[in-house]
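Trainee: Assemble the whole structure, with the sequences as input and the hints as a guide.
Residue numbers (the UniProt record's numbering), protein chains in the order written: chain A, 1 to 175; chain B, 1 to 175; chain C, 1 to 175.
Since the hints were made in silico from the structure, they are not lab data.
Computed from a predicted model, the values in this text were never measured in an experiment.
Virtual Cβ for every residue (Gly too), placed ideally from N, Cα, C.
Errors might be hidden in some of the hints.
[What the hints assert, rightly or not] Chain C regions said to be covered by chain B (calculated; three or more residues, Cβ under 8 Å):
{"no.": "1", "region": "12-23"}
{"no.": "2", "region": "135-147"}
{"no.": "3", "region": "162-170"}
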Amino acid sequence: MTVSKLGPILVLGGARSGKSRFAERLAETSGLKMHYVATGRAFDDEMRDRIVHHKAARQGKGWTTHEEPLDLVGVLARIDARDRVILVDCLTLWVTNLMMEGRDMAAAFAALADFLPGAQARLVFVSNEVGLGIVPENRMARAFRDHAGRLHQIVAEKSAEVYLVAAGLPLKMKG
Amino acid sequence: MTVSKLGPILVLGGARSGKSRFAERLAETSGLKMHYVATGRAFDDEMRDRIVHHKAARQGKGWTTHEEPLDLVGVLARIDARDRVILVDCLTLWVTNLMMEGRDMAAAFAALADFLPGAQARLVFVSNEVGLGIVPENRMARAFRDHAGRLHQIVAEKSAEVYLVAAGLPLKMKG
Amino acid sequence: MTVSKLGPILVLGGARSGKSRFAERLAETSGLKMHYVATGRAFDDEMRDRIVHHKAARQGKGWTTHEEPLDLVGVLARIDARDRVILVDCLTLWVTNLMMEGRDMAAAFAALADFLPGAQARLVFVSNEVGLGIVPENRMARAFRDHAGRLHQIVAEKSAEVYLVAAGLPLKMKG
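Mentor: Set out below in structure tokens:
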């Protein structure tokens with residue numbers, strides 16, 4: 001059985017739920033060469049702090065990092081290989097970046113959905129579950145959580161395993 | 001065993017979680033005549049779009065649709081029958097409408113709770129889980145999520161099955 | 001086997017999810033002497049109503065109540081005993097109080113983490129899961145959910161059982 005047969009893993013969770021650490025452990029115990037795709041942009045100090053915090057946690061563990069805010073499928077296609085695990089952290093920041101650039105969301109999501117079944121690497125996607133609070137008053141925020149929700153359904157449908165992480169504990173939704 | 005013995009089903013989920021689609025599939029695979037109770041009011045373009053989107057998804061599958069923003073128990077009582085599945089989408093919009101009309105929430109919830117055990121139809125309720133974000137600054141929003149939370153507890157207690165849907169995947173909470 | 005061998009229980013849930021009632025039932029069926037640590041401060045009418053509502057639910061069931069907004073470890077250490085169950089309701093209000101007083105959050109969390117393994121009483125912690133909605137626009141609210149998320153991970157790691165409650169129904173995350 002080849003690694004790619006296992007299919008993608010989607011790790012959903014709330015803020016400070018431990019979802020990134022859980023995903024990193026999945027990768028670190030895979031025995032595969034570890035590639036990290038960071039979708040976040042350091043557009044303010046708070047975001048910069050979060051990125052630094054995440055980088056420090058991965059330090060010295062053999063990760064190769066790729067920063068790509070928009071062309072997620074492009075970077076995945078370039079680094080895709082059978083002996084690799086690729087961790088994408090996170091899908092919600094990718095959605096934010098696509099929205100800020102006015103991109104065609106449906107087309108971007110479809111391109112990712114098309115890529116997934118043929119991927120050679122073991123893919124692990126981290127994303128924020130953002131739809132379980134009150135409807136936001138801000139229209140942009142409502143559009144964002146609609147996009148994120150749709151993307152989660154698309155990726156979950158193509159994934160072999162889906163986890164919801166809370167308080168550092170994974171709840172298996174699929175697989 | 002009669003169908004009504006099975007008891008109601010409650011489907012909770014976040015925004016764009018796939019909860020409505022999951023509930024519709026439950027109904028569509030039940031072999032029963034399908035009735036849809038829409039509680040939403042098209043008070044703005046965004047809401048109108050959501051209603052159109054939901055209607056399109058049900059198109060041509062044999063649903064009979066009933067629109068009722070307030071008198072949920074009344075419409076359920078009128079269409080209740082042993083050979084039917086009745087999908088109510090959704091409880092949170094019903095809560096919103098009751099609040100906007102200044103109705104007695106406890107009385108409305110009690111009337112629904114009283115109706116459930118004797119229902120002949122297979123009932124499926126869809127509702128938004130809205131209590132897992134930050135406490136809203138808006139007092140009305142806090143009251144809304146308190147009402148929704150209380151209603152979910154009431155309906156869950158009377159239900160045979162309860163699901164929490166995320167990323168299109170159902171997590172069984174009860175049943 | 002002594003009671004303390006069982007380790008703490010963490011009960012997470014959303015607003016009006018039934019988490020407090022679930023935690024109270026755990027305590028009431030333990031056969032132990034019941035102590036209640038209330039961390040909430042009645043700083044406005046709404047908060048006062050919530051506290052009155054919770055107190056009424058515990059009335060006449062044999063609870064000894066302790067009110068402590070800040071020095072949680074201090075009160076736990078004072079009342080800790082092998083034949084007792086101590087219910088702390090809730091951790092998120094404790095986080096709020098610590099933040100309002102400008103306390104060192106990491107130190108406070110570390111002190112609690114240090115206390116847990118040696119506790120003699122059966123400890124039950126209730127807390128709000130607040131990280132599953134949209135990122136709040138308010139910086140204080142973002143800091144709050146980061147602190148709450150970190151604390152939940154710390155307490156969950158030291159706990160024997162962790163539950164996520166929705167619609168009055170507990171989902172076991174650990175134990």
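Trainee: Can you give the numbers of the hints that this structure goes against, from lowest to highest?
Mentor: No hint contradicted; all consistent.
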